[in-house]
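There are 2 protein chains.
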Amino acid sequence: MLKKIKDKKIVVGIIGMGYVGLPLGLAFASKKIKVIGFDLDQEKISVLNKGKGYLKHIPAKKISSAVKSGYLSATSNFSRLKEVDAIIICVPTPLTEHREPDMSYVKNTAKVIAEYLKRGQLVVLESTTYPGTTEELILPLLENAKNSDNGNFVVGKDFYLAFSPEREDPNNPDYSTASIPKVIGGVTQQCLDVAKALYDQVIIKTVPVSSPRAAEATKLLENIFRSVNIALVNELKMVFDKMDIDVWEVIEAASTKPFGFTAFYPGPGLGGHCIPIDPFYLTWKAREFELNTKFIELAGEINTYQPHYVVEKSMEVLNKFKKALNGAKILILGAAYKKDIDDMRESPSLKLIEILREKGAEVEYHDPLVASLPRMRNYNYDMESVDLSKKKVADYDLVILSTDHSSFDYKLIAENAKIIVDTRNSFESRSINSDNIFKA
Amino acid sequence: MLKKIKDKKIVVGIIGMGYVGLPLGLAFASKKIKVIGFDLDQEKISVLNKGKGYLKHIPAKKISSAVKSGYLSATSNFSRLKEVDAIIICVPTPLTEHREPDMSYVKNTAKVIAEYLKRGQLVVLESTTYPGTTEELILPLLENAKNSDNGNFVVGKDFYLAFSPEREDPNNPDYSTASIPKVIGGVTQQCLDVAKALYDQVIIKTVPVSSPRAAEATKLLENIFRSVNIALVNELKMVFDKMDIDVWEVIEAASTKPFGFTAFYPGPGLGGHCIPIDPFYLTWKAREFELNTKFIELAGEINTYQPHYVVEKSMEVLNKFKKALNGAKILILGAAYKKDIDDMRESPSLKLIEILREKGAEVEYHDPLVASLPRMRNYNYDMESVDLSKKKVADYDLVILSTDHSSFDYKLIAENAKIIVDTRNSFESRSINSDNIFKA
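Chains as they are written, first to last, in the numbering used here: chain A, 1 to 440; chain B, 1 to 440.
Derived from the structure by calculation, the hints contain no laboratory data. Possibly wrong hints are sitting among the right ones.
Identical chains blur together in the list; that is why a pair holds if it fits in one copy or across any two.
[As the list claims (entries may be wrong)] 30 Å max Cα-Cα, derived DSS-like pairs, lysine-lysine:
(1) Lys294 <-> Lys242
(2) Lys205 <-> Lys294
(3) Lys3 <-> Lys32
(4) Lys338 <-> Lys294
(5) Lys313 <-> Lys294
(6) Lys196 <-> Lys146
(7) Lys118 <-> Lys313
(8) Lys52 <-> Lys411
(9) Lys50 <-> Lys62
(10) Lys50 <-> Lys3
(11) Lys323 <-> Lys439
(12) Lys62 <-> Lys34
(13) Lys242 <-> Lys196
(14) Lys411 <-> Lys6
(15) Lys205 <-> Lys439
(16) Lys146 <-> Lys4
(17) Lys390 <-> Lys338
All chains should be built: construct the whole structure from the sequences, respecting the hints.
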């Protein structure tokens with residue numbers, strides 16, 4: 001297997017062709033390693049096989065050249081797992097409504113793999129998950145795979161199993177899949193060796209750790225660190241605001257310390273499918289050991305509160321002008337969860353719309369990257385992005401800046417809006433100051 | 001005043017010649033600006049005037065050359081404040097027993113300054129403190145200075161007042177007073193201009209902010225950030241330990257992420273006179289606004305618990321060997337609060353000694369930089385550092401590594417100790433692995 005990998009005579013199967021699986025597949029294909037992408041979504045498969053794209057931040061050209069060269073193809077026929085040497089699992093790990101891990105995608109995928117697993121195959125899980133998933137959930141399923149002669153598959157000998165967390169950061173201008181070091185933990189030393197050899201073909205640097213659970217914990221630490229630090233500045237934002245101190249100015253000043261400080265910024269709430277979700281995988285697992293993860297809980301509490309804080313602040317601002325929130329016409333600027341992307345997963349803008357509507361406001365939104373709000377797991381809005389003109393902007397009682405897209409005409413907005421609530425310091429950072437702009 | 005500063009024709013008075021005031025005074029003196037150091041401690045004054053030092057990390061040679069050249073002298077006669085153009089306050093801001101700000105040093109210093117303040121003088125506070133100190137506590141005292149004709153001193157005109165937080169990091173090999181950018185907030189624009197001109201003479205870069213309270217908040221943010229992140233890894237250490245995951249390995253692996261992650265390390269508790277103390281200045285002030293600072297409280301709770309955790313872990317380890325803590329002979333390695341310094345302020349080693357003794361252990365310590373434990377505010381031990389030999393090390397039931405001084409003979413200790421509890425990952429990081437070493 002090691003030789004086969006080094007000679008690039010392997011075929012890699014990737015399950016889940018989304019934000020993680022697609023760029024990974026392209027990375028392998030660009031190194032002339034054959035990739036079969038597996039996905040349940042027929043639509044995705046057909047688009048992919050036409051050499052087209054469906055994620056804004058991944059250039060369609062990359063996909064078309066990978067498909068044309070024959071190194072990338074896609075299928076929804078999972079029996080073709082028999083054709084591959086390595087299987088990489090890149091499926092979602094969301095939370096249930098009660099903030100518990102929803103392991104259904106991982107579990108179902110592992111079951112499908114167990115249907116087809118053959119001797120010598122490598123299986124790697126990349127989905128962010130609680131420590132223990134690979135060894136406790138996946139390993140038993142594969143040991144008892146259909147071809148195992150009644151549970152006689154021995155890991156590290158008959159098949160290889162490892163965990164290697166994805167570290168995708170869509171739209172990061174400096175780093176992409178191949179240039180981000182990759183942590184790997186194998187169930188056995190053989191598992192680690194094979195998985196490392198595979199990733200060494202495409203990733204700039206692999207980082208072996210002692211076990212899959214160490215690798216699982218690594219990814220969680222990275223995201224817990226972000227969640228906690230964002231919550232910390234969100235809390236300080238609220239405290240400093242009462243003291244008539246601008247948290248943005250304070251963060252900028254602290255950033256001049258050349259050691260021991262890293263800047264994080266407040267905002268209207270967490271978004272995306274990692275930071276708001278992943279930390280609770282550890283919380284859930286910790287309960288098994290009769291432990292609480294207090295920082296994660298507190299960070300969750302404060303970050304979840306942020307959209308509510310923005311609405312309260314908006315209500316206060318309107319109140320200064322003797323206007324009630326109930327009945328006010330409000331424009332939300334930005335629907336995506338971070339700037340210059342079209343991804344709305346867990347976007348705080350969606351939560352803002354919900355809370356504002358509950359309180360009786362008439363809400364519209366504008367986002368050049370999100371033409372309309374589709375039905376989502378938690379929301380079902382029938383809304384389309386409105387066009388912006390001077391006249392239109394002036395028409396709203398309040399404009400809330402939720403996502404700081406670069407393409408907004410901040411000057412036009414500041415000059416024409418009646419009142420602005422800015423959750424990203426977007427105006428002042430562009431030297432646009434005005435009495436009608438309030439931070440939240 | 002601005003011209004006088006630029007021509008270096010000023011005299012700078014520094015009140016408090018400790019960890020902050022002494023290096024600052026040396027920085028001015030090295031630029032041929034005359035400095036008078038004020039301190040209540042006669043002993044310090046007399047040592048300084050002899051051109052000698054009293055802080056291990058500040059070379060005595062620097063002091064002797066500053067004193068010989070005539071640019072640095074020291075006095076405990078505060079009436080000589082009349083001789084200076086600028087007064088910089090570098091006095092301690094500790095906590096009371098009830099974890100509230102002890103502002104007595106700052107307040108008494110401001111009162112003394114008010115006795116002598118004359119027209120045209122600049123006063124700068126550098127002590128870490130709650131937002132509002134400069135404007136609410138010091139300003140009124142100076143406006144009503146003795147020479148003010150019944151409260152007629154106008155700030156920004158008759159005298160200047162600013163806050164500029166110290167950012168000292170003793171023993172940092174890369175940065176010292178002059179090379180660390182300095183944040184400054186003035187009560188008025190004139191105050192800022194004058195204070196900035198002064199520091200621009202010696203500091204590589206000055207960072208003006210809009211107000212003293214923004215500058216006060218900046219320093220607190222820097223230290224709150226550290227306190228919270230250290231507490232976070234301390235919590236994760238305890239959680240991961242139960243999951244049989246080594247937090248040190250996880251932190252090292254996470255550090256390979258080239259963006260969005262900064263490593264902090266767990267330990268036996270916080271030490272020094274900044275991180276364990278400063279955050280609570282904000283907590284105290286926030287209460288005035290009916291707000292809680294939840295992250296600071298949680299960080300305090302978890303960090304304060306760490307020495308207790310180390311003792312619990314030690315008890316568990318001894319228990320494995322059927323040995324009780326009560327009656328056990330224990331050696332603490334390291335008394336200083338961080339490696340390679342001789343500073344014991346708030347050192348967790350002192351707390352460890354206390355808890356271990358309470359539980360009946362016989363405790364000794366070894367620290368090449370701390371020959372004996374003097375009487376301190378919270379502790380009064382009559383202990384001297386013991387010498388270490390093979391035989392001596394083997395004599396203890398348990399050795400607890402508390403401070404990871406570089407000079408320890410880790411190999412000798414590992415080979416001869418019966419059992420080791422390592423709170424700093426000091427052995428494994430030196431590739432010393434053994435069954436008798438346990439992490440805590």
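Okay, the hints, checked on the actual structure:
1. Proximity of lysine 294 and lysine 242 under a CA criterion of 30 Å is satisfied in both settings, with 26 Å inside one chain copy and 16 Å between copies.
2. Neither within a single protomer nor between protomers do lysine 205 and lysine 294 lie at most 30 Å apart by alpha-carbon distance, with minima of 34 Å and 39 Å respectively.
3. Within a single copy, lysine 3 and lysine 32 get their C-alpha atoms as close as 16 Å, which meets the 30 Å cut-off; across copies the closest is 69 Å, which misses it.
4. Within a single copy, lysine 338 and lysine 294 get their C-alpha atoms as close as 27 Å, and across copies as close as 27 Å, so both meet the 30 Å cut-off.
5. Taking the shortest alpha-carbon separations for lysine 313 and lysine 294, both the intra-copy value of 27 Å and the inter-copy value of 20 Å come in at or below 30 Å.
6. Proximity of lysine 196 to lysine 146 under the C-alpha cut-off of 30 Å is restricted to the intra-copy arrangement: shortest distance 27 Å within a copy versus 75 Å between copies.
7. For a Cα distance limit of 30 Å, the shortest separation of lysine 118 from lysine 313 qualifies neither inside one copy, at 59 Å, nor across copies, at 45 Å.
8. Proximity of lysine 52 to lysine 411 under the C-alpha cut-off of 30 Å is found in neither arrangement, the shortest distances being 37 Å within a copy and 60 Å between copies.
9. Taking the shortest alpha-carbon separations for lysine 50 and lysine 62, only the intra-copy value of 12 Å comes in at or below 30 Å, while the best inter-copy value is 73 Å.
10. In the homo-oligomer, the alpha carbons of lysine 50 and lysine 3 never lie at most 30 Å apart, since the shortest distance is 33 Å inside one protomer and 73 Å across protomers.
11. Taking the shortest Cα distances, lysine 323 and lysine 439 sit within 30 Å of each other inside one copy (18 Å), while across copies they are farther apart (60 Å).
12. With identical chains, the CA atoms of lysine 62 and lysine 34 are at most 30 Å apart within one copy only, with a shortest distance of 15 Å there and 66 Å across copies.
13. Proximity of lysine 242 to lysine 196 under the C-alpha cut-off of 30 Å is restricted to the inter-copy arrangement: shortest distance 28 Å between copies versus 52 Å within a copy.
14. Taking the closest pair of Cα atoms, lysine 411 and lysine 6 never come within 30 Å of each other, the shortest separation being 56 Å inside a single copy and 40 Å across copies.
15. Taking the shortest Cα distances, lysine 205 and lysine 439 sit within 30 Å of each other only across copies (29 Å), while inside one copy they are farther apart (42 Å).
16. For a Cα distance limit of 30 Å, the shortest separation of lysine 146 from lysine 4 inside one copy, 25 Å, qualifies, whereas the shortest one across copies, 88 Å, does not.
17. With identical chains, the CA atoms of lysine 390 and lysine 338 are at most 30 Å apart within one copy only, with a shortest distance of 25 Å there and 60 Å across copies.
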